[in-house]
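Participant: If you read the protein sequences in the order shown, they are chains A and B.
Under my numbering, the residues of the first sequence are numbered 44 to 363, in order.
Under my numbering, the residues of the second sequence are numbered 239 to 621, in order.
Hints in this document: simulated from the structure, not taken from any laboratory.
Since the model is a prediction, treat every value here as computed from it, not as a measurement.
Careful: at least some of the hints might be erroneous.
Cβ pair distances, simulated, as ranges [stated by the list, open to error]: (1) 201/A to 284/B: 45 to 53 Å; (2) 436/B to 143/A: 26 to 34 Å; (3) 199/A to 376/B: 24 to 32 Å; (4) 201/A to 365/B: 30 to 38 Å; (5) 474/B to 143/A: 39 to 47 Å; (6) 116/A to 372/B: 40 to 48 Å; (7) 353/A to 436/B: 20 to 28 Å; (8) 372/B to 95/A: 45 to 53 Å; (9) 86/A to 283/B: 53 to 61 Å; (10) 287/B to 209/A: 43 to 51 Å; (11) 128/A to 620/B: 21 to 29 Å; (12) 199/A to 620/B: 34 to 42 Å; (13) 519/B to 260/A: 39 to 47 Å; (14) 129/A to 354/B: 52 to 60 Å.
All C-beta atoms, glycine included, are put in the ideal place defined by N, C-alpha and C.
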Amino acid sequence: MRSYILKKLAIAVLVFLGVYTIVFLLCFMMPGDPVRVSMGLHSDPQAVELLTHAWGLDEPRYVQYFSYLKCFVMGDWGISFRYEDKAVLGIILDRLPRTAYLGLWGIIFSVILSIPLGVIAAYKQNKPPDNAAVLISQIGVSLPNFWLGLMLIAIVAVGLRWISPIPQVPHSELWSFPGFFTSLKPYSLAIITLGTGMMATTTRLTRSSMLEIIRQDYITMLRAKGMPEHVVILKHALRNALIPVVTIVGMQVLILIGGVVLTETVFAINGLGRLYVDAITARDYPIITALTLVYAAAVVIMNLIVDLSYSLIDPRVKLG
Amino acid sequence: MAGFSDYQQKKEPKITQQRKKVAAFLVCALCLISIKIFLLNRETVPQWGFRLLALSAYLGVWYLLLSSLYQGWAGSNYADRPNPIQRFLMRFYHNKLATFGLFVVLTLAVMAIFADDIAIYPLEYQAEWQEFSQLPPCREHPLGTVTSGEDLFSLIVYGSRISLGLGVSVMVITSLVGMTLGATAGYFGKGTDRALNYLNDVVMSFPFLVFCIVLVGALQVNEAVRETFANLAEAIGVDMHLMIIFLVLAMLMWSSTFRVVRSQVLSLKETGFVEAAKALGGSSRRIIFKHLLPNTLGPVIVLVTIGIGSVILTEAALSYLGFGAEMTTPSWGRLLRDANPYVTQPCYMYMVMFPGIAIFMSVLGFTTMGDGLRDAIDPRMKV
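Kindly produce the complete structure, drawing on both the sequences and the hints.
Facilitator: Here's what the structure looks like:
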């Protein structure tokens with residue numbers, strides 16, 4: 044077990060380095076000098092030179108590569124080019140609450156809806172509830188994320204005037220006690236937009252997983268023993284069916300990041316997704332690199348957790 | 239006696255049957271060519287309704303021709319002993335959602351191929367259209383007009399060319415690349431497998447959409463490269479930004495095909511027929527291309543179909559964020575981006591609704607068709 048974790052960690056570090064190398068190369072391949080983007084095209088050449096030196100962009104590339112890597116690992120993620128004199132770590136932590144709130148409620152929304160739907164669809168296979176659930180999951184997968192957001196704004200916020208189109212909640216209120224639930228209403232459209240795609244995939248997965256489990260012999264045995272149906276389905280079948288679902292939900296969390304970018308753009312939320320896109324436009328290399336590395340680290344950690352939990356939950360799985 | 243006259247009927251001699259077939263084929267060909275040249279032409283038939291009628295007639299004649307050719311090739315004992323292709327088709331058509339998906343995909347294909355005839359207004363922008371900017375749906379413009387005065391329906395029809403063309407070309411390239419890499423990794427194992435898996439892990443560790451955005455920017459490294467791309471795009475006849483999106487997506491989307499083909503090859507590697515081929519002295523290349531890869535085609539076809547849907551969604555998302563097609567290209571995502579400022583004004587909602595419906599319906603068609611293909615090829619396939 045221990046050697047398995049160590050081996051996985053070693054590969055993870057290599058992947059991390061590979062990601063860093065690619066991001067570093069891509070940043071410098073993008074046309075446009077960040078100094079000129081920040082200062083404007085017709086700026087004083089002396090000032091441009093000073094700023095280039097201050098940002099460390101005049102050193103040879105390999106020096107920049109290793110020095111940033113060293114600083115990153117130590118915890119100093121650099122100073123943003125775009126927001127003068129603000130540390131990258133500070134900017135990211137500043138915007139993290141909104142994205143985390145949106146992401147968390149998106150996952151909760153999708154899981155709460157998808158698992159019951161998947162169970163019902165599997166239980167009544169090929170009958171109307173199943174056909175409806177399959178259709179809903181197909182629609183959820185095919186809906187363009189940002190279009191759903193735009194239509195929700197147009198219909199609910201503008202047409203019916205139930206909610207304001209842009210959620211304006213100060214982020215001190217988001218993660219405080221009553222604020223955690225009262226902020227749900229302004230953010231509800233964004234949460235629905237974000238969670239729909241994930242809900243569709245998880246419904247389909249729960250349904251197929253439950254279908255496999257229900258056909259097993261031990262379920263027939265439980266029914267033969269005289270157990271009430273709801274105990275059979277909810278206590279025994281569902282628990283086993285959730286094993287692959289739990290692993291896929293872990294992966295879905297990472298796919299959610301792409302959805303977060305679009306949702307934050309549509310609803311004008313100041314979160315990490317918008318920060319990422321704005322940083323690319325503004326050629327803000329420290330932020331681009333830092334966010335990419337954070338995401339890569341999250342992917343690696345999530346893969347590790349999923350592998351380990353799979354082996355913990357299902358005793359038949361052997362690692363290595 | 240009642241049935242006696244049946245035995246009296248003479249069968250036609252074979253040569254008359256052949257002559258009839260040739261005559262029918264020539265009549266069909268003549269119909270098709272004449273409809274295509276005279277009736278499906280914007281100059282000779284300016285009315286849109288007549289062009290649609292001519293198009294339906296054209297497609298009807300094609301359908302009759304192709305189905306009679308298929309009947310002649312397959313024979314007509316459909317119900318008695320269906321061959322595997324017929325069984326597959328029966329399973330596919332039994333799934334109503336999949337048949338609907340196929341219908342949507344075929345409609346999209348027709349819209350893309352015959353875009354010049356289905357669109358009411360031509361693609362080249364004419365300056366006098368500016369005064370018709372932002373009209374709601376009316377008789378001359380069934381879906382209304384956009385800010386620049388172009389007809390929304392024609393833009394959506396021409397946009398189907400971009401979506402379908404980009405989707406099919408990206409998925410063909412990525413499936414070929416993914417199959418080759420997956421088969422190599424699965425068959426040779428050890429170092430090759432580890433290296434390719436490492437590459438796959440690195441590519442998957444990036445957030446997909448953001449990585450696309452970064453790559454779109456990074457591919458235009460300097461002026462010389464942009465010049466090359468522009469010339470190449472002009473030579474092929476596509477927009478330069480669409481070509482860059484094609485390259486970016488082709489570089490990123492081979493992951494899923496790679497994983498599926500690799501796992502299939504790993505499980506097929508130990509089977510009897512591969513061992514026999516090796517014993518008979520088959521080279522690795524022959525074993526991979528003749529034995530292993532044809533057995534992986536089922537899941538790959540399903541992935542290609544569903545992949546076209548996700549390519550359409552990604553291209554629309556990139557164009558919506560501003561990193562994709564530019565102002566003159568009728569991409570559906572770009573239409574949504576132009577409509578973005580008008581979301582809060584209910585009178586302009588048609589500009590937001592129709593391109594989105596187009597994206598949604600085409601992706602829905604591809605995903606339902608892909609699911610139906612999966613169930614029809616092998617209900618127990620895990621893709």
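Participant: State for each hint whether it applies.
Facilitator: Tested hints:
A hinted range of 45 to 53 Å for the beta carbons of residue 201/A and residue 284/B is inconsistent with their spacing of about 39 Å. For the hinted restraint 26 to 34 Å between residue 436/B and residue 143/A, the CB-CB distance of approximately 30 Å keeps it satisfied. A hinted range of 24 to 32 Å holds for the C-beta pair residue 199/A and residue 376/B, which are about 28 Å apart. Range check, residue 201/A to residue 365/B: about 33 Å between beta-carbon atoms, so the 30 to 38 Å window is met.
A C-beta distance of roughly 45 Å is found between residue 474/B and residue 143/A, which places it inside the suggested range of 39 to 47 Å. The given range of 40 to 48 Å is broken by residue 116/A and residue 372/B, whose C-beta atoms sit roughly 54 Å from each other. Separation of residue 353/A from residue 436/B is about 21 Å and conforms to the stated range, judged on CB atoms against 20 to 28 Å. The supplied range of 45 to 53 Å is met by residue 372/B and residue 95/A, whose beta-carbon atoms lie about 46 Å from each other.
In this structure the hint that residue 86/A and residue 283/B lie 53 to 61 Å apart at CB holds, the actual value being about 59 Å. Take residue 287/B and residue 209/A: their Cβ atoms lie about 44 Å apart, and the range 43 to 51 Å holds. Between residue 128/A and residue 620/B the C-beta distance comes to about 53 Å, which lies outside the given range of 21 to 29 Å. Under the hint 34 to 42 Å, the C-beta atoms of residue 199/A and residue 620/B, about 39 Å apart, fit the expected range.
As the Cβ distance of residue 519/B to residue 260/A is approximately 46 Å, the hint placing it in 39 to 47 Å holds. Residue 129/A and residue 354/B have their C-beta atoms about 54 Å apart, which keeps the hinted 52 to 60 Å range intact.
In the structure shown, a violation is registered for the earlier hints numbered 1, 6 and 11, in ascending order.
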